[in-house]
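Number of protein chains: 2
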Amino acid sequence: MAKCFEQLDGVFVALSDPTRRAVVMHLGHGPMSVGELARDFPMTLPSFMKHLRTLEANGLIRTIKSGRVRTCVLNRERLALVDDWLAQQRQIWEERTDRLEQFVTDPEEKTRGESRPRP
Amino acid sequence: MAKCFEQLDGVFVALSDPTRRAVVMHLGHGPMSVGELARDFPMTLPSFMKHLRTLEANGLIRTIKSGRVRTCVLNRERLALVDDWLAQQRQIWEERTDRLEQFVTDPEEKTRGESRPRP
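Just so you know, the protein sequences line up as chains A and B, in that order.
The numbers in the numbering used here rise by one with no breaks, and the one at position 15 of the first sequence is 197.
The numbers in the numbering used here rise by one with no breaks, and the one at position 28 of the second sequence is 210.
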């Protein structure tokens, strides 16, 4: 659980930059070489590589070297952590909405006490 | 669009810390005063306030002062930006899967050309 928390910290850090989110989006279409990817980003190659390293260090992408070509692959499973976290929040909100609805539709139930049998 | 990008940067930064994610989760149950919230976090009040300010600056929570009590309220709309971004990624992946499926089920279609009518 603690490991998952740490991974989530890193995923959010990695996604907090527009260049890194754009790389994730590009790789959503399929694996790409560093060279192909870098062409779409108006920055120096060292700056771009720094972003790739942040994405790789936080598990959002994997890179595979074959000869002189390094290919980047998206790791969707790591993005699923964000999905899971959001789903957890939505569940909390829904439970709250349910409680509020119950209170609004039957406010007296609260004052009568939960243990009293319903008629 | 640029504003939305900036907002998303801030939302991801705000969510990259376990304390701040825990505050978001707590406030999912409903508004809480700073005092009530702070009780659940083992840190000094100034440190905790810093986290609240980061959440507020990035639009994830609002705080309302009434007399001596400051109440924190979750801003779910800001979290929806993350949902929208993830949905956009999923759409890209699904389009890719559709294209791959089409290629696997009918690989010759590609070589015959798209304009040729099917038998």
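A couple of the hints might just be wrong.
Lysine to any residue pairs mimicking SDA-like chemistry, simulated, CA-CA at most 25 Å apart [stated by the list, open to error]:
hint : chain 1 : residue 1 : chain 2 : residue 2
1    : B       : K185      : A       : E188
2    : B       : K185      : B       : G249
3    : A       : K185      : B       : D199
4    : B       : K232      : A       : Q271
5    : A       : K185      : B       : D280
6    : A       : K232      : A       : G210
7    : B       : K232      : A       : D191
8    : B       : K185      : B       : L263
9    : A       : K185      : A       : G212
10   : A       : K247      : B       : K232
11   : A       : K247      : A       : E259
12   : B       : K185      : A       : K247
13   : B       : K185      : A       : F230
Hints listed in this document are in silico derivations from the structure and should not be mistaken for laboratory results.
Against the structure, the hints come out as follows:
1. K185(B) / E188(A): violated, 29 Å
2. K185(B) / G249(B): violated, 34 Å
3. K185(A) / D199(B): holds, 13 Å
4. K232(B) / Q271(A): holds, 22 Å
5. K185(A) / D280(B): It is violated: about 34 Å lies between the C-alpha atoms, which goes past 25 Å.
6. K232(A) / G210(A): Satisfied, since the Cα-Cα distance of roughly 20 Å is no more than 25 Å.
7. K232(B) / D191(A): Distance ~17 Å between K232(B) and D191(A) Cα, so the pair holds.
8. K185(B) / L263(B): holds, 12 Å
9. K185(A) / G212(A): violated, 28 Å
10. K247(A) / K232(B): violated, 43 Å
11. K247(A) / E259(A): Holds - the C-alpha atoms of E259(A) and K247(A) are around 21 Å apart, at most 25 Å.
12. K185(B) / K247(A): With a Cα-Cα distance of about 37 Å, the restraint between K185(B) and K247(A) is violated, given a limit of 25 Å.
13. K185(B) / F230(A): Given that 25 Å is the threshold and the Cα spacing comes to 23 Å, the pair holds.
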